[in-house]
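J.: First residue of the sequence shown? That's 0 in numbering that gives the first Met the number 0, and the numbers climb one at a time after it.
Between beta-carbon pairs, the in silico distance windows are:
1. 30 with 55: 18 to 26 Å
2. 5 with 35: 16 to 24 Å
3. 6 with 58: 17 to 25 Å
4. 4 with 52: 37 to 45 Å
5. 28 with 2: 26 to 34 Å
6. 0 with 24: 37 to 45 Å
These are calculated hints, taken from the structure and not from any lab test.
In this text, all values refer to a predicted model and were calculated from it rather than measured experimentally.
Yeah, the Cβ is synthetic: ideal placement off N, Cα and C, and Gly gets one too.
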Amino acid sequence: MTSSWPVRHFSQANPKGPGQGDVPALLRRVADSLDELGPIEVQDLVLHREVDEDGPWTSLTVYFHPASPR
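Sequences and hints are given; from them, build the entire structure.
T.: This is how it looks when you write it as structure tokens:
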């Protein structure tokens with residue numbers, strides 16, 4: 000039998016327009032969001048890149064669950 004548990008996720012991107020593809024800014028934005036969540040364990044990060052009329056537009060999806068008590 001395999002173990003399973005619920006995993007939560009959120010996706011985040013920079014605002015559309017100039018700077019929308021700025022990966023360092025996106026990582027800072029995601030880090031701030033992770034801090035706001037409190038104690039969690041990140042399971043996976045997936046970087047997405049689309050191209051629109053303003054150029055590359057990067058987003059990041061974070062998969063996580065509440066941290067286990069230690």
